[in-house]
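Engineer: These protein sequences, in sequence, are chains A and B.
Per my numbering, the very first residue in the first sequence carries number 2; after that it's consecutive.
Per my numbering, the very first residue in the second sequence carries number -5; after that it's consecutive.
Read the hints as simulated data drawn from the structure, not as lab findings.
Note that the Cβ used here is the ideal one computed from N, Cα and C, for glycine as well.
Among the hints, erroneous ones may be present.
A few chain A positions that, by computed beta-carbon distances, are all more than 10 Å from chain B [unchecked claim]:
| id | residue |
| --- | --- |
| 1 | A8 |
| 2 | N238 |
| 3 | V305 |
| 4 | S325 |
| 5 | N367 |
| 6 | L414 |
| 7 | T492 |
| 8 | D522 |
| 9 | T592 |
Just some of the chain B residues that point at chain A, by a computed CB distance under 7 Å [stated by the list, open to error]:
| id | residue |
| --- | --- |
| 10 | A39 |
| 11 | R62 |
| 12 | T96 |
Counterexamples of contact, computed for chain B against chain A with all Cβ distances above 12 Å [said to hold, decoys possible]:
| id | residue |
| --- | --- |
| 13 | N277 |
| 14 | T483 |
| 15 | V672 |
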Amino acid sequence: MAAPVYATDLTDFWVTGGTTTVTAIGTGGAGLGNPETDFFIQSTSCVSKAAWTNATKGFIIDGVAGNFTVPTDGAVIAFMKYDAAGSLDTKANGGLQMIIGSTSSAYYHFYVGGKTTLAFDSWIPYTVDPNTATADNTTGSPGTNERWVGVLATLPTTSGPTKGNPIAMDAIRYGRCRIDYTVGDSGTPATFAGAEAYGNDVSRRWGLLELLKGAYQTQGFHSIGTSGTACYFSDANRVIFIRPSGANNVSNDSVSNAFNRFEIINASTTCIWDNILFQALGTRARGRFYHTAGTFTVTNCQFVNTGLMSLLSTSSLTNCIMRSSGVITAPGSTLNGTKILTNRAGTNLSALVWDVATDADGKLDNMEFSKGTNAHHAITFGTSSPTTITMRGADFTGFSSSNDNDASVFKFLRTSGNVTLNLIGCTHDGSGFTIDDRAGCTVTVVIDPVTTSVNVKDRNKNNIQNARVFVETAATATGGEMFEAAVTSLTQSAGTATCTMTAPHKLATNDYVVIRGAQPDGYNKVAQVTVSSTTVFTYTVPSGIAGTATGTPVVSLVPLYGLTDASGNISSSKTWGIAQDLKGWARKKNTSSPFYKDADIAYTVNITAGNTTNVVLQPDE
Amino acid sequence: MAMVDGDWSIDRATGNIRYIGDDHTLSGGSPSYATVIQFHRWLQAFADDAEFTGDDELDIIDQNPSNRSTDNIITLVNGFNVDATAIEHLYDGTIIQGSGLTEERWDGIVNFGSPTNHIQVIQNGAILSDDFWNYGWEAGTHTGANDASVLTDSTLGATVDQFVGYTIKNITDGSQGIITANTATTVTATLYGGTDNDWDTGDVHHIAVPLNGDSAQGISHRFMIKTRDNGVDIDRRRLIGTTRRYGNTYSEFKINGTGQGNNVFALNDSADLNNTTPWATINAIADITNTEGLRLIDISGDGSTEEYYSEWDRGANSINTFYQYGKLLQADGSVYTLNSLNGESFRGITHHYQYDNETGTNFTTNDVGCYGTNVVFTGGSGTAVLGEEIFEDSATPTWKGRIVGIDDNTGTGSIIVDVESGTVTTAETFSTTNGFAGTVSGTPTAQNAAGRLIFYAVDDDGTTGNMYVQVLAGVAPVNNTRIFFGNATADVARFHDVDTTSQAVLERTISTPFVGASTGSALIGAYGLGLQAADTAAADTYFDLSNTAITPPNNVTFTASGFISGDYVLCTEDNGGDINYTQMALNATYNSAGVTTISVNAIPSDTPSSAGTKGGIRIQRDNGLYSLHRYSAFDTGTDDFTIPSTDFSSNNATSGNNVFVTYLDLVTSGTSENFSYVYSSDRTHFLRVRDGGATPIKTAEATGVMGTNGGVASVNRISDT
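Can you build the whole structure from these sequences, using the hints too?
Structural biologist: Here's what the structure looks like:
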């Protein structure tokens, strides 16, 4: 058993109570001299002060008797309260303020609450990053260094308590506001509950994770593992609200956007989340999720209004809901069954970015995408993405019905080559599976294809590499693909043949066909076509042949063509309207033994499951 | 050798695989050859190409061009095909292509023999005219002067005597000869059979170095021959290989149905030491003639004739010259006819059978017989062609075969068919490759033998008899096979049936050449070959149509000389320097007139067959005198002499009296006389010469022995004046 360890990077600024370094601001400072022991959040006392009508009063503390520095994306975190919320002015008017300054008379005001925001609250851990936040007011001329932290309460003219010390402040710290989760094992894993119980203990009160009415509220940086120590983290069935940390000033930028963060660090870290709701309560620092090392397995979780998510190929987020979340970067991650709804991706960006040379087949199955407010795409396939991509069971809603639109379903960043996107069992809301691709790259969307594969072995069951496989349509079929389809004209210029079919060819660019019966014979070949129109396609031929073909050329579709790989396999995907008969053969030429016989191939396409055909090349010697 | 891409083309539209390289006979050319497995591998190599190049239009989009059963059996499939020219450049196995009525097949032939061999092939009764397999060396041109006896080819590039033993042909004048010497640029051979039989400037020559030989394996030739066409075997794939180079020994080898793959000939030839007379000399002979057909000849000299199928008269030529003449008639390129066949196709009698049920006019010598299933038809249209394929008229014929006899081409008639498969049934329609069609009228009786033969000897005994034939095509007839008259226009109303009741159909051994073997001074004749008796010699052996060895008698001659015209010459058997008066004794008493038969005890077998005008017998009369009787015949069985009618009534000859033969008993008109008889053992003759006329001499006597080579006796004529 390895009990988990919870720690924080926060530095205590003022947590012991007392008034030694406290300076009253405004009248009514009598209370400062006596540590408030009637109410506190940490330890045994806090600092409190009386309020007064028609005045702004509070105190400011020189916590460490020197300057302190808030790290990047960090904050000053302090529990603050005002017990007579109804007497406060509004937040906009500076009802409750955190003040941070260089002297007791030179500080910035950050309006963290008011009478409406505090109606049902008591101690609240407010965070302000003086490096980021826009001050709502300034007193004096604060220097560049921070030293003093305090609280002010502004009461409107005609109301306000006249007794007691409703203004209080306790457990003031500063830092990146990080909880470090380390150690633990599968028997005693680190958990959010464990971190809350530890960090929110009355002796600590980090203010980073609190359990409130059955739900957790959090802010800051959850580091699941550290660079030096791994963690086994496993938690489930939680509701975690991400505090609106950025809203601790009027400008809603009291902390950086990166302030709230969950990160899985250390290659040996395991992080398992199941059925956990992460919901950002604010619009700044919604909570970012980074998987930078280790194992990250997420199931049945919800991420609502959260920030971006950056994953690894090993990341697994299955059957989750990402509602109004930020962009998800998934370089080969497994997101099967996950719904990315009303994503907040910016214009011409994508809810999901897939920029890795890995087919999405089996990784993005049964996902659901719906467009958010912005004109964004569902998925961007980056420059590293493969040329054949398969998605299964995905649903797309709300995207543009136009290709090359900022809100087209798919965006492709490749600038060259040909990409085939196979969509199997995918659906849309009627807008189609639209594409926004770049010049130089041709994307062919193949809807509901099935995979036709052939495996070639010798009679000893050894796979044969570089066997040439050729499969073509075998007969005319109503509604089927071309079989010996008639040609209206066949010409060539500069080595590019233009074939005009009598009827629509149903081809897509990069499909293979076989042309036979033309004269000269240079027109007859297996050709990879470029589609010009529904009845015209082009392909390459020797440039020296006659400009116009004679004879009776006919064209058949070749759904499978090429050489087998090291595993003896060759496959292709295609959408089939009917169960069409196919025929062909596999051949393997050798210049010396072993020699193989030609092996015929014949099968009928299974339009839903595809076909796997095993071919045995018998010896020919 | 191997496949040379540039020598072949493939047209995917037609499936034609064609050889387009240099021909065998092209001067300066470089033809290429490949085995059938190399051919198959070559096709397969193209078949998995992504895209064809050049004129070899075969790649992955094309159906499989060929299947391999073994390395020696390749089947072209899916419409891919070769033609005869392509086949000439392949060897070492079988190529099959097409199916059903388009199926064709070429089978491999391998000849084990001398590398200088020159082979001809007989198929379906005829020599194959294109003997491409003999020409594996490029042709050239005579660059020397006109009328040269020695070929000069400045580009020949040969090593000395490299070509000795091979045949060289003068393509321009049609002559040929066996090479006896060569240098780097010249070739020596005695040409024959052509227009000039010499070399003129520009004449094209072709040295017949066989195709695809492998001397290390003892193989002279490897090539392929078509054995199946239009879905039907050509003469059930029977082939006969021959070597018939004049000057060399002849040989023959039969393949009774080629198998798929390689089939072996074992043909060899070498210099024939008894065939050294130049072709031109033999070809100029005009006094050798032959009477064809059944001949009754007493070659044995036993007084009874034997049966032969020919009776040659060798004229004034020696028996070895006759032998060479026979070879010439049968040699490669022969322009002569033997029993109505071109000499190249003539083989002699192959079978002998007995027959019965003769109906209609009987066959005569050199008629052709045909046999097979007699398909009577109605509604005939078109013209049937002898030897063409015939089949039930459907996509998958229920029967098919080849025509071996045609009796009427139109309307109604009969077609004699060698049915290869299936059963002919009444009312079926049929067609032939060349468009003849009709409807079967009546279900014919299926036959288990079919073919064509030619009658070399017809021994007709009425409705039965014996036939001596050469089977031209098909299998030999069997019991009850009905042989129809089968000339160009057959007649099914004329026939007889083979009858093996007392004798099976006998296959006879073929002799190469057909005349038999020569020892240089004697002939060992082939089966049935006959010469007139006088042209035979005791050293010869002949075989009559019963295949009995016949040895001619030794007709030895005794020559007496030393006398002159007017002398009386008497020659008898010697008895110690005198006449042997007791050579024989009368076996009866003769005392009447008109006696024509004299019976004696033991007429010697070597008695001259008739006395003629020079000899006779002398009979001792009872008065002691010996009367001369010039007998015309005698019978060693009864020991009777036949003599001119003689009156013994006044001077009897009593039984037991002496009788002796006087081999010469005349007044001579010359200086020598001779007599002949069949030698049986040495006999000493006594010769006495007298002349008491105007120039009298003393009695001159001498003796001489008649041996196996004859005998002589000469007297010393001494005047008695």
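Engineer: Now look at each hint and say whether the structure bears it out.
Structural biologist: Hints versus structure:
1. A8: holds (65 Å)
2. N238: holds (59 Å)
3. V305: For V305/A, whose nearest Cβ neighbour in chain B is about 55 Å away, the distance exceeds 10 Å, so it holds.
4. S325: holds (52 Å)
5. N367: holds (38 Å)
6. L414: Holds: least Cβ distance 32 Å, greater than 10 Å.
7. T492: Answer for T492/A: holds, closest chain B Cβ roughly 19 Å.
8. D522: violated (5 Å)
9. T592: violated (8 Å)
10. A39: holds (5 Å)
11. R62: Nearest chain A Cβ about 5 Å off; hint holds.
12. T96: violated (21 Å)
13. N277: holds (54 Å)
14. T483: holds (47 Å)
15. V672: holds (71 Å)
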